[in-house]
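Undergrad: These protein sequence lines map, in sequence, to chains C and Y. Note that this note's numbering has the first sequence beginning at 1, numbered continuously upward. Note that this note's numbering has the second sequence beginning at 1, numbered continuously upward.
In short, the hints are calculated from the structure, not lab data. Check before you lean on any hint, since a few could be wrong.
As the list makes no split between identical chains, a pair holds if one copy fits it or if it spans any two.
To be verified - List of simulated lysine-lysine pairs, DSSO-like, C-alpha gap at most 30 Å:
hint	residue 1	residue 2
1	K54	K277
2	K73	K17
3	K334	K17
4	K277	K6
5	K111	K43
6	K334	K166
7	K111	K97
8	K97	K12
9	K111	K54
It should be emphasised that the depicted structure is a prediction, and the values quoted were computed from it without experimental measurement.
Read off the chains here:
There are 2 protein chains.
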Amino acid sequence: MTAIEKQGAAAKAAALKLMTCGTGAKNRALLAIARALADNKEKIIAANGADMAKARESGMSAALMDRLALNDKRIDGIADSVRQVAALDDPIGQVDKMSTRPNGLIIGRRKVPLGVIAIIYESRPNVTVDAAVLCLKAGNAVILRGGKEAFNSNNALTDIMRAAIKEAGLPEDAVSLVQDTTRGSVDEVMALTGYIDVLIPRGGAGLIRHVVENSKVPVIETGVGNCHIYVESTADLNMGAEIIYNAKCSRPSVCNAAETLLVDRSIAAAFLPMAKKLLDQKNTQLRGCPETIEILGGGVLPATDEDYWTEFGDYILAVKVVSDLDEAIAHVNKYTTHHSEAIVTNDYAASQRFLDEVDAAAVYVNASTRFTDGGEFGLGAEIGISTQKMHARGPMGLEQLTSVKYIIYGSGQVR
Amino acid sequence: MTAIEKQGAAAKAAALKLMTCGTGAKNRALLAIARALADNKEKIIAANGADMAKARESGMSAALMDRLALNDKRIDGIADSVRQVAALDDPIGQVDKMSTRPNGLIIGRRKVPLGVIAIIYESRPNVTVDAAVLCLKAGNAVILRGGKEAFNSNNALTDIMRAAIKEAGLPEDAVSLVQDTTRGSVDEVMALTGYIDVLIPRGGAGLIRHVVENSKVPVIETGVGNCHIYVESTADLNMGAEIIYNAKCSRPSVCNAAETLLVDRSIAAAFLPMAKKLLDQKNTQLRGCPETIEILGGGVLPATDEDYWTEFGDYILAVKVVSDLDEAIAHVNKYTTHHSEAIVTNDYAASQRFLDEVDAAAVYVNASTRFTDGGEFGLGAEIGISTQKMHARGPMGLEQLTSVKYIIYGSGQVR
Chain C
1 MTAIEKQGAA
11 AKAAALKLMT
21 CGTGAKNRAL
31 LAIARALADN
41 KEKIIAANGA
51 DMAKARESGM
61 SAALMDRLAL
71 NDKRIDGIAD
81 SVRQVAALDD
91 PIGQVDKMST
101 RPNGLIIGRR
111 KVPLGVIAII
121 YESRPNVTVD
131 AAVLCLKAGN
141 AVILRGGKEA
151 FNSNNALTDI
161 MRAAIKEAGL
171 PEDAVSLVQD
181 TTRGSVDEVM
191 ALTGYIDVLI
201 PRGGAGLIRH
211 VVENSKVPVI
221 ETGVGNCHIY
231 VESTADLNMG
241 AEIIYNAKCS
251 RPSVCNAAET
261 LLVDRSIAAA
271 FLPMAKKLLD
281 QKNTQLRGCP
291 ETIEILGGGV
301 LPATDEDYWT
311 EFGDYILAVK
321 VVSDLDEAIA
331 HVNKYTTHHS
341 EAIVTNDYAA
351 SQRFLDEVDA
361 AAVYVNASTR
371 FTDGGEFGLG
381 AEIGISTQKM
391 HARGPMGLEQ
401 LTSVKYIIYG
411 SGQVR
Chain Y
1 MTAIEKQGAA
11 AKAAALKLMT
21 CGTGAKNRAL
31 LAIARALADN
41 KEKIIAANGA
51 DMAKARESGM
61 SAALMDRLAL
71 NDKRIDGIAD
81 SVRQVAALDD
91 PIGQVDKMST
101 RPNGLIIGRR
111 KVPLGVIAII
121 YESRPNVTVD
131 AAVLCLKAGN
141 AVILRGGKEA
151 FNSNNALTDI
161 MRAAIKEAGL
171 PEDAVSLVQD
181 TTRGSVDEVM
191 ALTGYIDVLI
201 PRGGAGLIRH
211 VVENSKVPVI
221 ETGVGNCHIY
231 VESTADLNMG
241 AEIIYNAKCS
251 RPSVCNAAET
261 LLVDRSIAAA
271 FLPMAKKLLD
281 QKNTQLRGCP
291 ETIEILGGGV
301 LPATDEDYWT
311 EFGDYILAVK
321 VVSDLDEAIA
331 HVNKYTTHHS
341 EAIVTNDYAA
351 SQRFLDEVDA
361 AAVYVNASTR
371 FTDGGEFGLG
381 AEIGISTQKM
391 HARGPMGLEQ
401 LTSVKYIIYG
411 SGQVR
């Protein structure tokens, strides 16, 4: 057995215990984790300091360094979010569709944990705790495989969580961190079909594609968002400008930010200058179709087909003038990553057609795509945003970390 | 583009139309299919005759020949089941969890089709129609890849369905059959990530393993059932004997049949002869642990560890004497394929522990595992029995062939 196989077997054994340990025990473990994080700030900050020093040496950008950094206030924030997860309703054990069949069998569908969840992530060390406690609250064991840049931070956080879980009387192997941060360990995790029930990749498009295409373990695809805002001919133009400005510029690096603006031809000449005025506040680079350039003039670069496929993650926006709703929906359905799409309109039929025909996890009328988020949707917390159709679609909260089990009460029935 | 890629693209285009075509149009297509099957019996029976002739030449067993055969009565049965699917409630368009958020956004979760479903199957030609119409009712396009033994039958059935769908005004590419029945076409279907949303393999353990381990398209694992019946110390022994006899012998080739009998030591000497008396009616071969052999004598073969892992699919039963509930649950959770597991008991606490701790799609108290079936569970029809935890678990009916889409009604909200 390799080290990762042993870790898988230990997680599976822990998952069997978590399956039936009850909400009280899980909440006690979560609150113990919150306390332990607050009590061990120095240890966490020291480990994070080692990661930061390495990052500085390697010439990491200031923006990425900031994502990596942990300090007193950020650790308090992480501990707070753990307490919030403890306060959420536990989905496990809920039974629906229970009924008595004609033969007297009483059949119900009970929510149960998925089992062992593996998370492969590249991002900030807070994900280590956020992901672990959500999995734990839903009764799952979790195997974390974080990026090498944050390894010392992740390891310190995991050690603290494991000790707290043990102290609370649950198996510490409910949470573990893969100690090998080479590419090979990703491949090994993807092959652990005997131990891992679900694998969730969180990170850039390259990582996600690699995992989706190569994992033998079932995967939930997350995150890539090539989102569109379509300003239809009857739209309130001020609303349209505010929405595209918010969707593009409030946080361009996230997956629910807009990447392409589609504008109806009949309003393009009036609308595009209004939108540009707001987008210029952040020096947003526009890449437009010929009509866009004709209306807005020289500051706009010509858009290539490649631009329409791209999640820029930056202050860059592709723009296209379309002739009608049909062309807008066809464009969206061609280039979409099935994340979040919005129409701005005052036409009732257009709003309904957009909701019906656009194939995405979240489809908006007259609102910014930036709301696609577990907290904003009322799920309490999320472990990622699924862009696939199986199992979970859109923000994944506790419910999406569960499976079902049919329970059947009989009195000797045979078939 | 290869022929299969073209088929994928055509199915995807059809799926976009089915997504919004409405229940009435889908039901009209289903009823047209039922009529067309009845009207084209001669054509179907002629095509089936070609498959039967080839099967005879190749020396196929009588049992398999019977599974392949279509006749007047069987075609009527298939057409009837199509009408039953037409009569089921359409899950598409149902909206749940709709609420107004503090910022005024109205957010709901709407049931939508999965998109394009591919089914790879080895079994009887009726699967061609059953699977296609369930997918269609839930608004999905389907790509069928059946076994080469039934190719002429499958092709005739598919042609008739496509013509009926077209006649009813829906795109005929909603249903199509892969024309290449070599192993290579399975691999090609598994790689069609751009076109296929979900792949469901139906067949033997070898096919399912190959698909689960190699598909780039998301898979729902089905069917393999290494099911256990545990007769606990307080069980009604007559009930226990009837249940194991039914679970093993009523139809040994199916996935919800029992493969291993576990018996509590305290009742083994009384119970095993009672069970054997019934099992002997079908000349069931018993493979037992040493204690079983001691109790039942010479007719019982010694069980190997391999036997406890095996889905015999035949009148063969592994038997093991266990010391208590703990050992029984541990045995089940070690050897289970997570399909269906049953306890026979009169002890309340034992029944609850078995329901809680056994990790399977369907867990029974005092009933035969043979009830794990979409019809028996009240789903109306099923496309297979999922033994994985993601997306669907247990019998998969129409609801399990759907995904969700969040629909959001705003009034200019930005974040």
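Undergrad: Each hint: holds or not?
TA: To see whether the hints hold, each was checked on the structure:
no., hint, result
1, K54 with K277, "neither (42 Å within a copy, 74 Å between copies)"
2, K73 with K17, "neither (34 Å within a copy, 52 Å between copies)"
3, K334 with K17, "between (46 Å within a copy, 14 Å between copies)"
4, K277 with K6, "neither (58 Å within a copy, 45 Å between copies)"
5, K111 with K43, "neither (38 Å within a copy, 47 Å between copies)"
6, K334 with K166, "between (50 Å within a copy, 25 Å between copies)"
7, K111 with K97, "both (11 Å within a copy, 17 Å between copies)"
8, K97 with K12, "within (29 Å within a copy, 33 Å between copies)"
9, K111 with K54, "neither (44 Å within a copy, 48 Å between copies)"
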